[in-house]
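Could you build the full structure based on these sequences and the hints that come with them?
Each residue of the first sequence is one higher than the last, beginning at 12 in our numbering.
These are calculated hints, taken from the structure and not from any lab test. For glycine and all other residues, C-beta sits at the position ideal for the given N, C-alpha and C. Worth double-checking, as some hints may not be accurate.
To be verified - Simulated DEER-style distance windows between Cβ atoms:
id : residue 1 : residue 2 : range
1  : S111      : S87       : 35 to 43 Å
2  : D237      : D176      : 35 to 43 Å
3  : P121      : D239      : 30 to 38 Å
4  : A153      : P90       : 39 to 47 Å
5  : E49       : D239      : 32 to 40 Å
6  : Q119      : R295      : 15 to 23 Å
7  : A291      : D109      : 35 to 43 Å
8  : R128      : E302      : 17 to 25 Å
9  : R295      : S87       : 49 to 57 Å
10 : K286      : S15       : 49 to 57 Å
11 : G177      : A118      : 39 to 47 Å
12 : S87       : R314      : 21 to 29 Å
13 : R295      : D107      : 42 to 50 Å
14 : P171      : S15       : 21 to 29 Å
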Amino acid sequence: MTTSLQLPLVGPGGEAVDLARTLNSHGFAELAPASLDEAAGTLSITVRVAGARPRRIRIGAGPSASTARVDVLGPSAGPRVRAAALAGAAHVLRLDHDLSGFYDLIAQDPDLAWVARGAGRMLRSPTVFEDVVKTICTTNCAWRATIRMVNSLVTSLGEPAIGGDGPLTNAFPTPAAMAAAPESFYRDSVRAGYRSPYFVELARRVDAGETDLEALATFGADMISDDDVERALLDLPGIGPYAAAHVMMTLGRNSRLILDSWTRPAYARTIGRTKPVPDAAIVRRFRRYGEHAGLAFWLFLTRDWVED
DNA sequence: CGTCCAGGTCTAC
DNA sequence: GGTAGACCTGGACGC
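In structure tokens form, the structure reads like this:
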């Protein structure tokens, strides 16, 4: 049955990792095939296993605060599946992201000192492609519509997972699977409206190798700058300033502020304003956090998402 | 039943 | 480079 593994929760700089804060870092935790169980404090996801069917896993609290438990659901897992499960969990929790510099920066900050206890790690999907598609699904529509579109994609085009529980636990569709679907599918079945041609073109580009989205997730020796990453994202169909900033947060690129119809009023409310605050004023307020400005802004707005 | 808008983007000036 | 208008969908609201 279920195979239980353990995953050390520690950042590259030795900094603390708060699992609950990470699982609740942003709304994507509740977009299929991810599933957040707030009562249990667990996040279930579907990971791909090379040469085998996708696998359902569940991430939750381990025996200590510095250890997560990773349950591989379904039949007993062999070495290859165990390795994929641990790597998948570490990936979505973004354990490779060094936040120690940011923690040093905000150690004495009246608004953000609490972050240093292990917050600020932005959950990400198994692939950049998945985060890009999902982000397009958040644009210019209510959150419920985002869920509906993503559910449709996963149900219709995703590969069923071993240990899964219905079509919503299918692995997220591959670029190839999405590229093979006609625009009419996105319009008539997914009900994605004007986003439909974006999905077709995005998937085609990635599937054809014209765009290497996954390369954006690696901080290699070549060190792509935030400007270059943003340019690459803005070049994608359906990705504008908001979407680029959001995807960059999942990439651990935290310089851009996510400015949208949720964050703008949330910021005004947080600082006790009744009137809208100009974007330029918000940007100015967070400039002090430098390359971490976007993360500081996000944490400023979401500090109440998890009880301390 | 018409209008507005929700975690915007694109095109055309 | 900055700014109107159009754009799918579906739920909320006013009349």
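Between the beta carbons of A153 and P90, is the distance compatible with 39 to 47 Å?
holds (44 Å)
Cβ-Cβ distance between G177 and A118: within 39 to 47 Å?
holds (45 Å)
Do the Cβ positions of Q119 and R295 conform to the proposed distance bound of 15 to 23 Å?
holds (21 Å)
Pairwise beta carbon distance, E49 to D239, judged against the given window 32 to 40 Å:
Between E49 and D239, where Cβ atoms are some 37 Å apart, the hint holds.
Would you say the C-beta atoms of R128 and E302 sit inside 17 to 25 Å of each other?
holds (21 Å)
Just to be sure I understand the hint, the distance between the Cβ atoms of K286 and S15 should be within 49 to 57 Å; is that true here?
holds (52 Å)
Measuring from beta carbon to beta carbon, are R295 and S87 in 49 to 57 Å?
holds (56 Å)
Evaluate the given range 35 to 43 Å for the C-beta pair formed by D237 and D176.
Since the Cβ atoms of D237 and D176 sit about 39 Å apart, the hinted range of 35 to 43 Å holds.
Is 30 to 38 Å respected by the C-beta to C-beta distance linking P121 and D239?
Holds, at about 34 Å.
C-beta pair S87, R314: status relative to the range 21 to 29 Å that was hinted
Violated, since S87 and R314 (Cβ atoms, about 41 Å apart) do not stay within the stated range.
With 35 to 43 Å as the target window, see if A291 and D109 comply at their CB atoms.
Hint violated: Cβ distance 30 Å, outside 35 to 43 Å.
Do R295 and D107 keep their Cβ atoms within the hinted range of 42 to 50 Å?
violated (31 Å)
Of the numbered hints listed earlier, those contradicted by the structure are 7, 12, 13.
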